[in-house]
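Please assemble the complex out of the two chains, which come individually in their own frames, going by the hints.
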Amino acid sequence: MTRRTALAGSLGLAASAAASLPFLDPRYNHDHRPGRSRVAILPAAEYSESLCGALWEGLRLFRLSVAGKSVLLKPNLVDYISGAEINTHPLLIAAAAECFRRLGARQVTVAEGPGHQRDTELVLRATGLERQLKQQRLPFVDLNRDEVVATRLHAGYSGLKRLWLPRTVLGTDFIVSMPKVKTHHWSGVTLSMKNMFGVVPGVKYGWPKNLLHWRGIQQSIVDLVATVPIHFVIADAIVCMEGNGPLAGTGRRLERIILSDDPVAADATCARLMGLLPERVPHIAEAAKFLGNVSPDRIDQVATPLVSPPAPFQTVEEFEHLRENAGPQPAALL
Amino acid sequence: MSNENTFLVALERRLVSRQLPRGGWPFLAACGQITLEPTCLALLALRLDPNTKAQVLLDAQRPDGSWGAFAADDGPSGLTGLALLTLNTLGTFPDAASHAADWLLDAKGREASWIWKWKFRTTDTRVRFDPDKFGWPWEPGTCSWVVPTAFALLALKQSFPCCRNGQIAYRIQRGVDMLLDRACPNGGWNAGNGVVYGRPMAPHLDATAIALLALRSEPRQELIERGVAWLRLQSSSCSAPWSLAWSILALDAYDEPIAGLQKRLAALAERDSIEDNATLAVTALALDSDASGNPFEVIA
Chain Y
1 MTRRTALAGS LGLAASAAAS LPFLDPRYNH DHRPGRSRVA ILPAAEYSES LCGALWEGLR
61 LFRLSVAGKS VLLKPNLVDY ISGAEINTHP LLIAAAAECF RRLGARQVTV AEGPGHQRDT
121 ELVLRATGLE RQLKQQRLPF VDLNRDEVVA TRLHAGYSGL KRLWLPRTVL GTDFIVSMPK
181 VKTHHWSGVT LSMKNMFGVV PGVKYGWPKN LLHWRGIQQS IVDLVATVPI HFVIADAIVC
241 MEGNGPLAGT GRRLERIILS DDPVAADATC ARLMGLLPER VPHIAEAAKF LGNVSPDRID
301 QVATPLVSPP APFQTVEEFE HLRENAGPQP AALL
Chain E
335 MSNENTFLVA LERRLVSRQL PRGGWPFLAA CGQITLEPTC LALLALRLDP NTKAQVLLDA
395 QRPDGSWGAF AADDGPSGLT GLALLTLNTL GTFPDAASHA ADWLLDAKGR EASWIWKWKF
455 RTTDTRVRFD PDKFGWPWEP GTCSWVVPTA FALLALKQSF PCCRNGQIAY RIQRGVDMLL
515 DRACPNGGWN AGNGVVYGRP MAPHLDATAI ALLALRSEPR QELIERGVAW LRLQSSSCSA
575 PWSLAWSILA LDAYDEPIAG LQKRLAALAE RDSIEDNATL AVTALALDSD ASGNPFEVIA
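So the protein sequences, as listed, match chains Y and E. Going by the working numbering, the first sequence opens with residue 1, and the numbers climb by one from there. Going by the working numbering, the second sequence opens with residue 335, and the numbers climb by one from there.
Excised from the complex, chain E in its bound form (with noise of 0.2 Å):
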C-alpha cells in the first residue's frame, strides 16, 4: 500500500470513528448533534466501504420529502439536495429519492414570487441579480442563494439524467441561470452576491468550487471559464483544508491537473488535526477522487 493510500485509509478510519453511536456525524468532532452536511459527506467518502448504509438518512427524511439540517430541526434545509445525492449515490432507494426530488421541485427562492420580483426590480435594487432567475435557498421564506442552488441542480441532474421535461426541464435550466446571473463579475462565486452598491463583490473559493460542479455539464463559456481560472489562481495558495479540497473536487470535474493541490493537502491533513467532521470528509473525497471518482462529477 502507497503512502498515500496508507493516510487516505487513516483519514476514513478517523471519520468512522466519530461517528455517532446512532449513526450520522455531527460538524465537530466534540458535539454530539447528527447534522446533515457533515453526514452526506462523510457517507459519500466511505461510500465504498460496505459497512456503509444509507439507514441513517432514510430515517432522517421528512415527512414532506426534505431533510432538516440537524437532527431535531423541525424545518426543511437548503441542503436536501445534498442529501438526495448522497443517497443516490449509495443506492437505489426509490420511493425516498421521488419524494425528494419532487421537494426540491417545489421549493423556490422567495423572489420567484411575483410580488418579490417586483419589489426587486422596483425599490429594492441595490443587489444587483435578476429575480427572474431563481434557485433555492437555505431556508423557506428567504431568496436562492449559491450553495442550495447548486446542491440543489447536481441532485437533479443526477436524478433526471435524461428525458427532462416540464418542471424539471424548467427548474434546472432556472437553476443554471440563476448561478450565472449570481457570478462574480471578475470570476467565481460568493454566497449570491455579485455585486452590491454597484461594488463587484469577492468570490469564495468553495462557493465557486460547488458552482462550477453544479455548471460542469453545461456549456462551457466565459462565466465558468472565468471561474475555472480563477479557481485555479486561488487554490494554489489555498491553506484551508475545506476551501482546498472543494477546489480540487471542482477542478478535477473540469481536467485541470490536481496532483500539486492533492499532495498539499495532504501535507495540511497530516500538519493539523482536522476536527471539523465535514472537512475531514472533503478532504477524504478530494485525495480519493482520482482513484476512486468524484460523486460530485454529474456529467448528465
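In isolation and in its complexed conformation, chain Y is listed as follows (with noise of 0.2 Å):
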C-alpha cells in the first residue's frame, strides 16, 4: 500500500462517516407523529375502471375532509419503458380524481416532475395517462417546469437548508402521495415518501435532481416531507416491482391497494407486505421519530388484515438487510 493510497483510503472514511453523521444527531423541531394511525389494505385484483369502487369504499373508511380543498394527486411517473411496471397506473390516478371530486374537493390536479425523463408529455403519452386526464378534464402541471419559490426546510437531515419548490405544490390544501410500490437500487424502496422527489424541480436540480443524491438520499427525503405534508396515500401495489428498482426491476403482483392518513404507516406497512423490515429503511425509521408510525401497535389496520409474501421481494444486494429474516443490520446504516 503506498502512502496515497493510504491517505486516500482515510479520506474516504471520513467522508463516509461524515455522511452518516446527520442521522446521529436529530434534525427537527416538532413531533407531528397522531397518537394512532390508520391504514386500509383493498385488495384489487387488476387496473379496471372497477377501481373507482373500490377505492370510494375504502376512503370511505377514513371520512376524510376535503370538500372545499383544492387536492393534487402526485403519482409516481417516471419513465415510460415498455413492459416495466415503473410508473402508478393511470386509471387508479383516474379513480382517485373521481372519488376526491365526489368528495367534493373545489379542484383536484394530478402533478409530478419525473426524475429522469425530460418529456414529460411523452411519459403522459406513452403510459395512457394522457388519455385519462383528457376523458376526466383533469388539468395536469409538470412541476419540473412550474414557477418555484424559496422554501426552508423544517428539517436538517440534508444540511441543504432551503429547497426551490414548485408553487403549485405550496398552494394546494391537500396533498395525496400515489406512488407504485417499488424496491430501489439507492433508498431500498420508494414509496409515498421517497416519491415526494418528484416535488422537487428539475428546472432548478435537473435531471436527475442530482443534489438530492449528493446530500443523501435518505436524508433529502425526510427533510422533504418534513417540509412539504403528505395528507394522504394512495399506493399502487396492485403489480409493484422488485428488484432492480425503480427501472429496470421485474414486475410482481400483490393485487393490493394502500390507504392511509399517515405516510410513515402507509410505507411501513407497503413494507411489510413486500416481506421487508422497514425499521431497517434509513428514511423510514428516522421519520418515525417525528413524522409518523412505524409500530404496528400504532397503526390500525382498518380493513383487510396485513399478511406477509411468501417470499420478501427480492433487492439489489446493498439492501439485502432489509428482507425478512435477513441477517442483522448492518452497522454503518444504524
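Treat the hints loosely; a few may be bogus.
In the DSSO-like style, the derived pairs of lysine-lysine whose C-alpha atoms are separated by at most 27 Å in a straight line are [as the list claims (entries may be wrong)]: (1) E:Lys451 - E:Lys467; (2) E:Lys442 - Y:Lys161; (3) Y:Lys134 - E:Lys597; (4) E:Lys442 - E:Lys453; (5) E:Lys442 - E:Lys467; (6) Y:Lys161 - Y:Lys289.
Far from chain E by the CB rule (all over 12 Å, computed), these chain Y residues [to be verified]: (7) Tyr28; (8) Arg60; (9) Val148; (10) His154; (11) Pro201; (12) Leu212; (13) Pro229; (14) Lys289; (15) Phe290; (16) Gln301; (17) Thr304; (18) Ser308; (19) Pro309; (20) Pro310; (21) Glu317.
If you want the footprint, here are the derived chain Y segments under chain E, 3+ residues with CB under 8 Å [said to hold, decoys possible]: (22) 66-78; (23) 234-248; (24) 264-270.
Keep in mind the hints are simulated off the structure, nothing from the lab. Glycine residues also receive a C-beta, built at the ideal position from the N, C-alpha and C atoms.
Shown next as C-alpha cells:
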C-alpha cells in the first residue's frame, strides 16, 4: 500500500462517516406523529374501471375532510419503458380523481416532475395517462417546469437549509402521494415518501435531481416530507416492482391498494407487505421519530389484515438486509 | 405564403404573445417567472425577427459569468452553455460571451476532483462510468450529466471555432469523451446513466438528439452512428412534440431526411395547443430548420 493509497483510504472513510452523521443527530423541531395511524389494505386483482368503486369504499373508512379544498394527486411517473412496471397506473389515478371530486374537492390536479425523463408529455402519452386526464378533464402540472419558490426546510438532515419548490405544490390544501410500490437500488424502497422527490423541480436541480443524491437520498427524503406534508397516501401495489428498481426491476403482483392518513405508517405497511423490514429503511426509521408511526402497535389496519408475502421482494445486494429473516443489520446503517 | 410558412408564423406569433412584460419567457404559459431554457429557445426561434433583442439575457447574466435557471435563482445553472450559444447566435457581445466562456471553462462535474474519482473507481461502482471523463453538472457540486455537457460543448465549440489550445481544447475533449463514455450500450443517451448494476438503461430521444448535436463536428464513430440509427428509428413513431422537435434538429444536422418528421410535428402542434413555451420554441426551430438554418448545427 502506498502512502497516497493510505491517505485516500482514510479520507474516504472520513467522508463516509461524515455522510452518516446527520442520522446520529436529530434535526427536527416538532413532533407531528399522530397518536394512532390508520391504514387500509384493499384487495384489487387488476387495473380496471372497477377500481373507482373499491377506492371509494376504502376512502369512506377515513372520513376525509376535503370539501372545498384543492387536492393534488402526486403519482409516481419516472419514465416509460415498454413492459416495465415503473409508474402509478393511470386507471388508479383517474379513480382517485373521481373519488376526491365526489368528496367535494374544489379542484383536483395531477402533478409530477419525473426524475429521469425530461419529456413529461411523452411519459403521459406513452403510459396512457394523457387519455385519462382528457377524459376526466383533469389539469396536469409538470412540476419540473412550474414556477418555483424558495422554501425553508422543516428538518435538517441533508444540510440543505432550503429548496426551491413548485408554487402549485405549496399552494395546495391537500396532497395525496400515489406511489408505485417498488424496490429502489439507491434507497431500498420507493414508496409514498420517496415519491415526493418528484416535487423537486428539474428546472433548478436538473435531471436527475442529483443534488439530493449528493446530500444523501435518505436524508433528503426526510427533509422533503417534513417540509411538504403528505396528507394522504394511495399506493399502487397491484403490480409492483422488485429487484433493480425503480426502472430495471421485475414486475411482481401483490394485488393490493394501500390507503393511509400517515405516510410513515403507509410506507411501513407497504414494506411489510413486500416482506421487508421498515425499521431498517433509514428514511422510514428516521421519519418514525417525528412524522408518523412505524410500529404495528400504533397502526390500525382498518380493512384487510396485513399478511407477509410467501417470499420477500428481491432487492439489490446492498439492501438484502431489509428482507425479513435477513441477518443482523449492518452497523453502518444504524 | 405557403401553408407551412403561415403555420410557422402563427407559432412564432404565439411565442411573441407569451413573452413576459419584463422580457423572457416562463416554461408554462400560465406562469410569470422568467426561466432560462424557454427564454433561450424562444430567442433562438425568433432570432430573425428584428424585434428580438439579447438584452433580457445580458441583464440576467450573473456577476460570475453564468446564468441562473430562472429569475431570482441565486446559483448558476447547468444551462449556461445554452445561454452562451443563444447570445452568440443573436449577435456579438464580447464581454458577456468571454465572461460566460471563462465560467464554463472553470465549471466541472464533481467527479473531476481526485477524491471523488477515487471513490467512483473503488467503492461506488454501481453506475458504469469513467470519472476521468467529466463534463458539466446541472448544479455546482454534483456530477456531470449529458444535457448540460452537450450545451456547454456546443457553446465552447461555437465560441472558439479555431485555435483551441490549453484549457479550451482540454475541456472540449474531456466533454466529448464524457458523452461517448455515458452512451447507452444499445445506442443513444439518457440523462447520463448508460449502465446501472450491470443493466443497460434505456435512452431518451431529447438527450440523444442534444448529445448528437454536440458531437456533430467530431469524427464519425460507432457510438455516434448507433445513436443516429436509434434516433432515426425511434423518432419515426414519436408523438411528443418536445422529443420529436429535438430529433428533427439532430437528424437535420446529420443530413438525415426530416420532411416526414416535420410534417408529423406540424400536425401534432396544430392538433394540440402547446402550453409549454420551451416546447413551442423548439417546435418552431425544428419546423424552420431547412429554411432558416439550425442554430445547434455547430460544425467547427
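Verification of the hints:
no. : hint                : in the structure
1   : E:Lys451 - E:Lys467 : 10 Å, holds
2   : E:Lys442 - Y:Lys161 : 24 Å, holds
3   : Y:Lys134 - E:Lys597 : 24 Å, holds
4   : E:Lys442 - E:Lys453 : 17 Å, holds
5   : E:Lys442 - E:Lys467 : 11 Å, holds
6   : Y:Lys161 - Y:Lys289 : 20 Å, holds
7   : Tyr28               : 24 Å, holds
8   : Arg60               : 34 Å, holds
9   : Val148              : 7 Å, violated
10  : His154              : 21 Å, holds
11  : Pro201              : 9 Å, violated
12  : Leu212              : 9 Å, violated
13  : Pro229              : 24 Å, holds
14  : Lys289              : 28 Å, holds
15  : Phe290              : 28 Å, holds
16  : Gln301              : 34 Å, holds
17  : Thr304              : 34 Å, holds
18  : Ser308              : 26 Å, holds
19  : Pro309              : 23 Å, holds
20  : Pro310              : 25 Å, holds
21  : Glu317              : 9 Å, violated
22  : 66-78               : violated (count 0)
23  : 234-248             : holds (count 3)
24  : 264-270             : violated (count 0)
Of the numbered hints stated above, those contradicted by the structure are hints 9, 11, 12, 21, 22 and 24, listed in ascending order.
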